[in-house]
Amino acid sequence: MTAPAATSRRNFLNAGWRLGATILAAAAGWTLFESLRPLAGSGKGGPIKLANTGNYAAGTATYVPEGRLFVANTGTTLLAISQKCPHLGCRVPFCDSSGRFECPCHGSVFDIGGEWIEGPSPVGMTQYPISTDGDAVVVDTSKQIAGPARGAAQYFSPPKGPNCQPKG
Amino acid sequence: MADNESDPRKPAPQGATAVVPTEAPTRDPLEPAVAYAPGSGMVARIERSRAWRSVFRHPRIETPRGRALQGFSNFFLHVYPIKIPARVLRLRYSFRLGFIAAVLFGILTLTGVYLMFFYTPSVGSAYGDMQVIRTGVGFGQLIRNVHRWSAHLMVLVLFLHLIRVFYAGAYKKPREFNWVIGVILLLLTLALSFTGYLLPWDQLSYWAVTVGTNLVHYVPVIGNTLQDLLIGGPQIGQPTLLRFYALHVAVLPIAVVVALSIHIWRVRKDGFAVERSAVGTSGAFAEEATALPAAAVPASAPAELYGGRTRVLGVVDRESVTAEERAVDDTVFSWPHLIVRHVVVALGVATVVLALGVLFAAPLRGLANPNLTPEPAKAPWYFAGLQELLSHFDPLVAGILVPMGAVLTLVLLPYIDRNPSTIARQRKVAIVIFSGLVVLAVVLTIVGTFFRGPGWQFVAPWTHWYVEL
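Quick note, the sequences are listed as chains A and B, same order. All residue numbers for the first sequence refer to this note's numbering, where the first residue is 1 and numbers rise by one. All residue numbers for the second sequence refer to this note's numbering, where the first residue is 1001 and numbers rise by one.
Simulated from the structure, these hints should not be mistaken for lab results. Be aware that a few hints might be false.
What the hints assert, rightly or not - Among the chain B residues that face chain A by a calculated CB cut under 10 Å, a handful are:
| id | residue |
| --- | --- |
| 1 | S1125 |
| 2 | L1367 |
| 3 | N1371 |
Claimed, not checked - What follows is a list of derived Cβ distance ranges for each label pair:
| id | chain 1 | residue 1 | chain 2 | residue 2 | range |
| --- | --- | --- | --- | --- | --- |
| 4 | A | T76 | B | F1393 | 52 to 62 Å |
| 5 | B | I1163 | A | R9 | 39 to 49 Å |
| 6 | B | F1095 | A | R9 | 50 to 60 Å |
| 7 | A | L36 | B | V1034 | 53 to 63 Å |
| 8 | B | G1405 | A | D133 | 43 to 53 Å |
| 9 | A | P38 | B | L1396 | 23 to 33 Å |
Stated by the list, open to error - Listed next, the stretches of chain A that the computed footprint assigns to chain B, with coverage defined by at least 3 CB atoms under 8 Å from CB atoms of chain B:
| id | stretch |
| --- | --- |
| 10 | 78-89 |
| 11 | 97-111 |
| 12 | 124-132 |
For glycine and all other residues, C-beta sits at the position ideal for the given N, C-alpha and C.
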């Protein structure tokens, strides 16, 4: 056998091995990725039927533990606001005395509509679609609505009283 | 391993009969001038026995050649070079930081395996298991404390190791890639520490990991997918605990063992660092004894090979390169000189973590509660600097660009810094930039760890103590 022919066969086989190994690695990687991805729809929520609209007083935010959210009555509208801080995921409690959401981790503050007022959060708080079924409030936790961008001040009002979180 | 001319396992030339020790030998075939396990006591008889010789391939002979052969034929001793330059023995050569980190990894493995016997990675039982470890398992609390403090110390020691290697310029050619492996080991250690942080399933771990994993969410384009892969669901829960557990006890430790093996192997293959000036390589040695007379260096040899560094001596290097050309032999045997020092350091490290474990209990707060964020919610201390940065800048900048940039810069450092000199006066720019970054990182970490309270407000540690380790 002549040298060039042997070389080209070797090159062909080497290329074949490399191609095969690449395909195998890609297939293994994709399989691993697919198997580690959370199952579709698992734990993503769904519609929750809550109390009647009249139970949510204006200027308050009521915690709904089963949905990990607040139902906030801004005075003009009802909003379902996720408890999760859009900054780094801490739970943001509603401060009754100031009438605002105040995050304990990094000091982000949001108004009763979940709009950003101060702190490191890049946006306002995430919301869920809210509707009524008869008199009852229904929140669909499977669909998230991205929080309002910084600068939104539709529901802004001066603080009602002292903050719950200390100020520096 | 080099061929040995006197190896008795090879067929002897010119019809001589091969030495096959069927009976208990009285002389070591490789060193016939020395008695094989002399004496008639019980120990010597055992050491001459066939079974013993099947385990230990070479007898304990206190001659240079005997020690070398012992080192070659013993797996554990073979991790060490047979001989090392004497200056490596000095404490200030490396402060033994890499070795200390390896000892801590060993302690973490032992204590971690012990804890695994009593821990179930389940949301329902993890916290209860932690309480049982504290109260109902023999030495459980102590072992957990030692595990915790060793983990913190390992991160600290690796940071110091990195800083030491930088100032010594030991990342420069030909050790560039070993520096990269070192950075990978540091990242693996941080990942080990972070995944272990979640396992107690208390408020501290739950919220520290919540904050930590939400950082990933800011990675452009693939952030959400990455976060999903990491925590396995919309919020931290059972899939997260199981994933972190698998990473903590199997995936990451195996990765560390592989990377650490390459790291140590490369230390031997790339040679120990010596001081080297930018201009020429002669006359810039810190060690006079390693300087070779100019005539001894073959004219054709690249200056770097002989003048630039000291090779760690294997058989081939020792015989073919250095033995004849080296004017003064400044090397000493690893056993006992280095190994005895290592044993002392290892005992010292064990003493320190044991003392810490006896004196300070690892924290265990209340059961993880997704509906109650504790105040303050702090990331582990080695991420506290990052968290401090996050309170000042946009998350994309502080959470992703800065840490990714820092890691990338560290990885590329030996390739960016082309200056061959390791002398401080000749690398002022690199030292000033690096020192500035180190000071910045230390200040941010100290402020984030000690000076921040509820709502991330500034708090003086002497008035309120919000430090959790």
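Now for the hints, and whether the structure bears them out:
Given hint, S1125/B at the interface with chain A, is violated; its Cβ is 20 Å from that chain's nearest Cβ, farther than 10 Å. For L1367/B, the interface hint is violated, the least distance from its beta-carbon to any beta-carbon of chain A being 15 Å, above 10 Å. For N1371/B, the interface hint holds, since its Cβ comes within 10 Å of a Cβ in chain A; the closest pair sits about 6 Å apart. At roughly 35 Å, the beta-carbon separation of T76/A and F1393/B lies outside the given 52 to 62 Å, and the hint is violated.
The beta-carbon spacing between I1163/B and R9/A, approximately 53 Å, falls outside the hinted interval of 39 to 49 Å. Under the hint 50 to 60 Å, the C-beta atoms of F1095/B and R9/A, about 56 Å apart, fit the expected range. Evaluation of the 53 to 63 Å hint for L36/A and V1034/B yields a pass: the beta carbon distance comes to about 60 Å. Between G1405/B and D133/A the CB atoms are about 51 Å apart, so this pair conforms to the stated range of 43 to 53 Å.
Separation of P38/A from L1396/B is about 24 Å and conforms to the stated range, judged on CB atoms against 23 to 33 Å. Counting residues of the stretch 78-89 of chain A whose C-beta sits closer than 8 Å to any C-beta of chain B gives 5, which meets the bar of three, so the coverage hint holds. Counting residues of the stretch 97-111 of chain A whose beta-carbon sits less than 8 Å from any beta-carbon of chain B gives 6, enough to reach three: the coverage restraint holds. With 0 residues having a beta carbon nearer than 8 Å to a beta carbon of chain B, the stretch 124-132 of chain A misses the requirement of three or more and the stated coverage is violated.
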